[in-house]
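Q: Assemble the whole structure, with the sequences as input and the hints as a guide.
From first to last, the protein sequence lines are chains A and B.
Residues in the first sequence are numbered from 0 upward in steps of one, following numbering that gives the first Met the number 0.
Residues in the second sequence are numbered from 0 upward in steps of one, following numbering that gives the first Met the number 0.
Hints are not guaranteed to be accurate.
What the hints assert, rightly or not - Below, computed lysine to aspartate or glutamate pairings styled on EDC-like, alpha-carbon distance capped at 16 Å: (1) LYS41(B) to ASP6(B); (2) LYS116(A) to GLU89(B); (3) LYS66(B) to GLU134(A); (4) LYS138(A) to ASP120(A); (5) LYS33(B) to GLU134(A); (6) LYS66(B) to ASP106(A); (7) LYS84(A) to ASP40(A).
Hint data in this document are derived by calculation from the structure and do not stem from the laboratory.
Listed below are the residues making up each chain.
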Amino acid sequence: MNETDIDLQIAVPPNTRYLSLVGNLAEVLMHEIKEYNGDRDLLGYHLNLVLTEAMANAIEHTPPPDKCDKLRVHIHIDGDYLCIKVYDHGEGFDLNQVQSPDFQALDEGGRGIFVIKQLMDTVDYRKCTDGNVLEMRKKLTPPIPVAE
Amino acid sequence: MNITEEDRNGITLLCVKEQRLDANNSGDLKEYLKRLLETEAKALIIDLSMVNFIDSSGLGALLSGYKNANLHQGSLVLHGLQPRVQSMFELTRLQRVFDIYPNQQQALDHIEEGKHS
Chain A
0 MNETDIDLQI AVPPNTRYLS LVGNLAEVLM HEIKEYNGDR DLLGYHLNLV
50 LTEAMANAIE HTPPPDKCDK LRVHIHIDGD YLCIKVYDHG EGFDLNQVQS
100 PDFQALDEGG RGIFVIKQLM DTVDYRKCTD GNVLEMRKKL TPPIPVAE
Chain B
0 MNITEEDRNG ITLLCVKEQR LDANNSGDLK EYLKRLLETE AKALIIDLSM
50 VNFIDSSGLG ALLSGYKNAN LHQGSLVLHG LQPRVQSMFE LTRLQRVFDI
100 YPNQQQALDH IEEGKHS
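A: Written out as structure tokens, the structure reads:
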């Protein structure tokens, strides 16, 4: 692993009080990707936002008996992509069936997945060993070649 | 939820003194606005200048207040949005719904104009 590789696994209680901690951690983490030459602050903010949305969604859909279990988050680099995985123990849902919000209807909810889809390059939700995983990927801008 | 409240000639000025509005405190904001609008408050001006992060649940709480205000023939306007917060309103198209002003005075002027029209 070189110094710019990132592989971070976090486990916190499924409580909304941890949203800021994990979201802000992801934002700070963006500054550790040395060769990234895009808008680091903007991407950091977007990661904070999508993690907050994804974790809040996972907490909301975690059934009561599992409320004591930990909510797991995995942030790592996979080739040219930054990959964020949020694991939950809920019944799961079909990501393809999640409709974009009706912008005229003024519903109070239903924007979380929309926000994630807007800010990330790919979003996938699937079954895994002990529940479900929401995987969000963002392509990192290729590093600027260094002249020798 | 840390909010300050001030009455200015029948207009309620609120200042949200939180850096983040997310699922951890948006329920508190929603209830706060609901309680205000169900009692005497009819015109609310919310200062968001201290908020530098808002998620979809925070937007939902404000939207709930906006709808409640309309239901009670009142109004709810916002001012002082930081660029990140403004970008969330734009991403979700909610800048088309809310009346958003750069500062408190312009928000007050809007409410006063509404009273006299």
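Q: Can the restraint linking LYS66(B) and ASP106(A) be considered satisfied, given a maximum Cα separation of 16 Å?
A: The hint holds at about 10 Å.
Q: With a cut-off of 16 Å on the C-alpha distance, tell me whether LYS33(B) and GLU134(A) pass.
A: 36 Å, violated
Q: Quickly compare the C-alpha distance for LYS66(B) and GLU134(A) to 16 Å and report which way the hint goes.
A: Violated, at roughly 34 Å.
Q: Compare the distance between the alpha carbons of LYS116(A) and GLU89(B) with 16 Å, and conclude whether the hinted pair is satisfied.
A: 15 Å, holds
Q: Given the hinted pair LYS138(A) and ASP120(A), is their alpha-carbon gap at most 16 Å?
A: Roughly 7 Å between the alpha carbons, so the hint for LYS138(A) and ASP120(A) holds.
Q: Taking 16 Å as the top limit, are the C-alpha atoms of LYS84(A) and ASP40(A) close enough?
A: Since the Cα atoms of LYS84(A) and ASP40(A) sit roughly 21 Å apart, the hinted pair is violated (cutoff 16 Å).
Q: Is LYS41(B) close enough to ASP6(B), meaning Cα to Cα at most 16 Å?
A: 11 Å, holds
Of the hints listed earlier, those the structure fails to meet are numbers 3, 5, 7, in rising order.
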